[in-house]
Amino acid sequence: MTMFRSALLAATSLFATAAAAQDAAPQDSGMAQASDIIVTARRREEALQDVPISITAVSGDSLARSGVSDALGLQSRVPSLSLTNQGTSRNELGFAIRGQRTQESQLLTDPPVGTYFAEVVQARSVGFAYALYDLQSTQVLKGVQGTLFGRNMTGGAVLIEPNKPVDDFHAELRGQIGNYDMRDIYGMVNLPLTEGLGVRFAGKIRKRDGFTRDVLTGRDYDDQDYQTFRTSIRFAPTPEFESNTIVDYIKTNEHGTALVGTAANPAAPAIAGYATLRGFGIPVSDVVGQFAAQQARPHYRFASGSGTGGTLDAYQTQPFERLKNRGVTNRTTYSLDTITFKNIVGYRKLDFDQVMDLDGVPAYLINSNRYRSIEQFSEEFQIQGKAIENRLDYVLGAYYFVEKGKDGSTSSQFPELAIAGSGLPLNTPAATFLNAYAGSGKAKTFALFAAGTYAFTDQFKVSAGIRYTTDKRNARIFAYYPNLGTCLFRVDTGTTSFVPATLADCPQTNSKKWDAFTWDVTLQYEPNANLTTYISTRRGFRSGGFSLRAASTEELQPFDPETVQEYEVGLKTRHPLGGATLTSSLAIFYQDYKNVQKQTSSIDSAGNVNTIIDNTARQKNYGGELELGLIAGPLNISAFYSYVGVEISQGRQPGEFALVGSPHHQMGANVSYEIPLSGDAGAINLNANVSYRTKQHLDKNDVLATEPGYELVNLRAGWDNIFGTGLGAAAFVNNLTKSYYRVGVIGIYNEAGYISSVYGEPRTYGMELSYKF
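Those letters in the sequence shown? Residues -21 to -1, 1 to 752, per mature numbering (1 follows the signal peptide of the UniProt record, and there is no 0), in order.
It should be emphasised that the hints constitute simulated quantities derived from the structure, not laboratory data.
Some hints could be false.
Said to hold, decoys possible - Simulated pairs of lysine-lysine, BS3-like, Cα-Cα distance not exceeding 25 Å: (1) 143 x 328; (2) 491 x 451; (3) 423 x 492; (4) 421 x 492; (5) 385 x 230; (6) 423 x 451; (7) 143 x 321; (8) 365 x 321.
As the list claims (entries may be wrong) - Pair ranges (Cβ atoms, derived): (9) 435 x 632: 41 to 51 Å; (10) 578 x 438: 46 to 56 Å; (11) 595 x 367: 43 to 53 Å.
Where is the CB? At the ideal position from N, CA and C, for every residue including glycine.
Kindly produce the complete structure, drawing on both the sequences and the hints.
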């Protein structure tokens, strides 16, 4: 920590030194201007190297060439960004930036990293992985974004910007085939209908066999079977008015995510109880042995036996995942001389059903069915403009958001048979015993915000912003035993015990309202056109909420917002090198988190263990990001390195890891090279992407959930516009070195007695044919 503070002071000195030493007259560089990427990190278009924020922007074409076909691949291009499977599905990703990660995916709990599609927040990330096609850019903002993007942006934000209709006709058709019987087809048509009116259609259909197989049933898991379509309409009858509407749709029907049994804890009461209390005649050693046998199997093979029926299979059906995600977005702008009115409205409907074998071994431990049906609506109105002789850029805005729906599950869990008073003999088959959590909720947010940048001189600028937000949450939980017709939810008697509620009193409700101010201040100095330095402080907060898995009045208590104060210093440069340009971006940050939301266990007066989210912790996050880029004619190189450290200063639990879901060190490089062929023969494009991350803890206190460091190597070679025909051909391979790594775990080794794991994709390869016209 002392070293980091020294680094922060050194960076601050660098800020001052750069400001004093580079007073030479600004020099323009055509190559530098050509290499600028336009971003919208401050809700207006600016050059990437001029924005005083740590931000990474990658074009849609560059993502495709580096082998990134879904959101999980973004971490190979972006420093301080980590993605893991959230919960039990590859369709739901947990984003982590600067050590701030998503811990829970329920309705009424919010992530610290916001995901945006066409400037509309996506409250739930389910299906977001499949949105990366026909894109203008993907932008990753690192650090607190609480003023312009609102609540929950304590870690950062991921902005997906799709391509808009343009004024000329063009189209593309692309097909891929590969191992695991992969078949992928993508198409896009851009149609200008009349002057000022155009439409763009884009879509993708992908099927691939699963790379993980159940050796008992022969069923494959981790397959892909999805289709996604997007229609965009642009209406611009005059230069002052423009309206863009997007309708998108995603549907999946897959076998589901393989949860592979990794380890069992013979000392855990649940494992011992499974063998001795249930009367199933299975010794503890056999249960533990099933997990040990799994480790001896080849990679991507496991034994679950789900769907084979019998008394130990609650559902007598095979796991699956079925998703429908559809949305409508409209952005309308009207511009006058120095002022622009902008309205952003969005609606999304999500339906997601899963059946899961959570333990991943033949022993019947935990099976679950989870369902979600959630709607969201948002409305944002902005006034953007310039004032004071164009030295002030400002944005004023109002924001409204509402999310409501159902989030529930039905499970058969072996420990539940031991509950006193259940009325069941201990050897009752688990198939007759289920517990259900029927949760529903509603979240409403309203905010007012203002931000601006004032140029005191052409070199020195000050930016500041403020936002006021109110949040209200309503929760309803109905926890019960459906096969028994009795209540699972425990209520406080007001004396010394918690007892099951009557069925009539089983539905429980709670609500709470919060409000908060967030703000930011940035000092920016640009001694010349090729150097930007800045120092900033930003305040953010993450909303409070409720757990819809509550089984007692104590668990249904609200948890409060967490707050963060962030300090950052940064340096961005352009270095013209003859006919080439080298760019660099360095940011060093320090974050002070208070009232950190953390899942803990408590024991009530009746001796029941309650899992709650409280706000007793405090922590410091610190680190930095370095990005380099080189454009030299046909050669384009980008590279990055990042470090993240976490120190829990208050509320650390025994055995808890400070940094979870992110490695301390990440690094990567992407190299692309274009070789023009003579005449109209086209061009050869070569691309290599390499990334490495050190070990990371996938669970906060399970040592067996720690994943060693690993590298990923993706290669692609293509021939574009073959002999001027518009045809293209390419070959690609991802995970060239066959790295075997985990991207998520269910880490309940100490609680329920086991760990199950989700593994990353193996080596995949294929060929591609395309036609542009």
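Taking the hints in turn, this is what the structure says about them:
no.: 1; hint: 143 x 328; result: 23 Å, holds
no.: 2; hint: 491 x 451; result: 6 Å, holds
no.: 3; hint: 423 x 492; result: 9 Å, holds
no.: 4; hint: 421 x 492; result: 12 Å, holds
no.: 5; hint: 385 x 230; result: 19 Å, holds
no.: 6; hint: 423 x 451; result: 5 Å, holds
no.: 7; hint: 143 x 321; result: 17 Å, holds
no.: 8; hint: 365 x 321; result: 15 Å, holds
no.: 9; hint: 435 x 632: 41 to 51 Å; result: 48 Å, holds
no.: 10; hint: 578 x 438: 46 to 56 Å; result: 48 Å, holds
no.: 11; hint: 595 x 367: 43 to 53 Å; result: 47 Å, holds
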